[in-house]
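Engineer: Chains A and B are the protein sequences, given in the same order. According to UniProt numbering, the stretch in the first sequence is residues 1 to 412, in order. According to UniProt numbering, the stretch in the second sequence is residues 1 to 73, in order.
Any given hint might turn out to be false.
[Stated by the list, open to error] According to the in silico footprint, chain B covers these stretches of chain A (three or more CB under 8 Å from chain B): (1) 41 to 52; (2) 56 to 62; (3) 282 to 296; (4) 324 to 338.
[Claimed, not checked] Anything over 10 Å on all C-beta distances counts as not near chain B; from chain A, calculated: (5) D34; (6) G94; (7) V222; (8) D405.
[Said to hold, decoys possible] Here are the simulated distance ranges between beta carbons: (9) B/P58 x A/R179: 36 to 44 Å; (10) B/T12 x A/E68: 30 to 38 Å; (11) A/G362 x B/T12: 39 to 47 Å; (12) B/P58 x A/A314: 34 to 42 Å; (13) A/E140 x B/V16: 20 to 28 Å.
These aren't lab readings, by the way, just hints derived from the structure by calculation. Note that the Cβ used here is the ideal one computed from N, Cα and C, for glycine as well.
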Amino acid sequence: MTEYVIIGDGISGSSAAETLREEDPDSSITVITDEGEALYNRILIKEHAKGKLPEAPISIHDEGWYEERDIELSLNTHVTGVDTDEKVVRTHEGEDVGYDKLLIATGGTPTQLPVDDSDAEGIHHFWTFQDARKIRESAEAADDGVVVGAGLLGIDFAAVCGAQGVEGKYLMRGDRWWRYALSGQGAEIMHDGMREVGVEPVFDSGVDHFETDDDGRVVAAVDPNGERYECDFAGVAIGLTFNTEFLGDIDLEQDNGIVVDEYMQTNLEDVYAAGDITQFYDVLLGEQAQNGSWGSAKEQGRIAGVNMAADGEAEAFEWVSSYSITHFDFPFLSFGHPTLGDEYAERKYSDTEWRRIAFKDGKVVGGVLIGDLAPQSKLKQLMREQRDVADQKEVLLEETVDLDDLAPPQEQ
Amino acid sequence: MATTTSTGRTLTLRRVDSVAADATVRHIDQLDENALELFYAALEGARPLPATGTDLEPGTVVVATEYYRVEAA
Ligand SMILES: Cc1cc2nc3c(=O)[nH]c(=O)nc-3n(C[C@H](O)[C@H](O)[C@H](O)COP(=O)(O)OP(=O)(O)OC[C@H]3O[C@@H](n4cnc5c(N)ncnc54)[C@H](O)[C@@H]3O)c2cc1C
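Extracted from the complex, chain A is given alone in its bound form:
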């Protein structure tokens, strides 16, 4: 009987556990998580923090789900070490859990701002359900908020401020939100969305330090220009630090995450990784890549489970990821790798509609759609087909994309 151990009960770990049970009914499966609750819907916790969604629908699995599948779940258990020679996982309680095959699905932890008082009361980071509960409580009581981190997670804090009636200042380092994926035109639509919910973007700013009162509560953020922004609520989302500390000095190949191939295999035998934590081989891109989205993490967990159970390379990970922002009146979708292009095409269609497509070596590798998401399935299809279309940008920028207007692949 094969013994599988999975570290992490996020969507990647949990989907691997479910797959393993289906693929290898007689095996032993242990899932270890340092959180106090079983899998929940991480991408809905922002709705709870906004005050819009009660707690109950956010839970995905209760403990009974694991019992029914004969999966051993260890809550509140932090893995402190892995010995790949002895094939054991060490927990904070000093327990050793043996494995035949190990899956590391530990994701990341929000990075703290390296400035004074960045852990003061009232300053929040956003990853867990517990974080969301605290953010909700704190935002409900707050009047003035400051948000730092001009990316996909920072904007959730801006949305929390908006929904909770907190007057927000969104301090950004450059001249626009998500400058790696959006031009000024696209970003301006997002800035208008922020303003409409009562959050003011502040450019060429950031946080130099926070000020606190005698009780250690945040009272202001001071930016590098010396501007002072009073706040009793602050949200920091400047990036993720991957949870690899417990791996110590084992010989696992890492590169800002754990390096895996398209089968989710690491360089060490019987050790796999899945989810946010991986630097995976992207078969569509033809190189290593990283992805921080729910769908991708879920699929990587499934693929890892399939290959672990098969003890071979049974199925490769091939996926076009999506990440939406739903906080404003208009929809926003980022797909694939919108920042990895060597060429771009973009167009603005109205005050709330904009499109940008990223190409690499002539192929679509990602993009951002604002306002009108209708072209998404066609653009994703081109990405999957790896068609050479960069010389036909006009067709892809038409308001309605018709793939029949593209030159047939054989004529190119």
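Mind docking chain B with the ligand on chain A? Use the hints.
Structural biologist: Leaving out everything else, chain B with the ligand in the frame of chain A:
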């Protein structure tokens, strides 16, 4: 989709402001490609949502720019 056309049953989307504690809630990024396409088509009024062929069941709330509850037509 043969079942859908033979029974002809469809679902509708109703915008809701609040969510019951026992509701099933899905974020738009959690729909598979097929469900997503059908969801958007239904939202734009282009086509009703088929009652089968997706895992969008009556009662499910989908979080998009608004919250939408899937209901029997
Ligand atoms: C606020 C927020 C909003 C988001 N919005 C979206 C969205 O709209 N769309 C989208 O697609 N994605 C979104 N994401 C991203 C998405 O949630 C992640 O990509 C996905 O959940 C990653 O899953 P994972 O299983 O790889 O990692 P995680 O969900 O991070 O799970 C890893 C688990 O491992 C545990 N762990 C770590 N180290 C140890 C250890 N040493 N011992 C034991 N346990 C350990 C962690 O506590 C955690 O429970 C959002 C994320 C957040 C935080």
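Engineer: Which numbered hints turn out to be false for this structure?
Structural biologist: none
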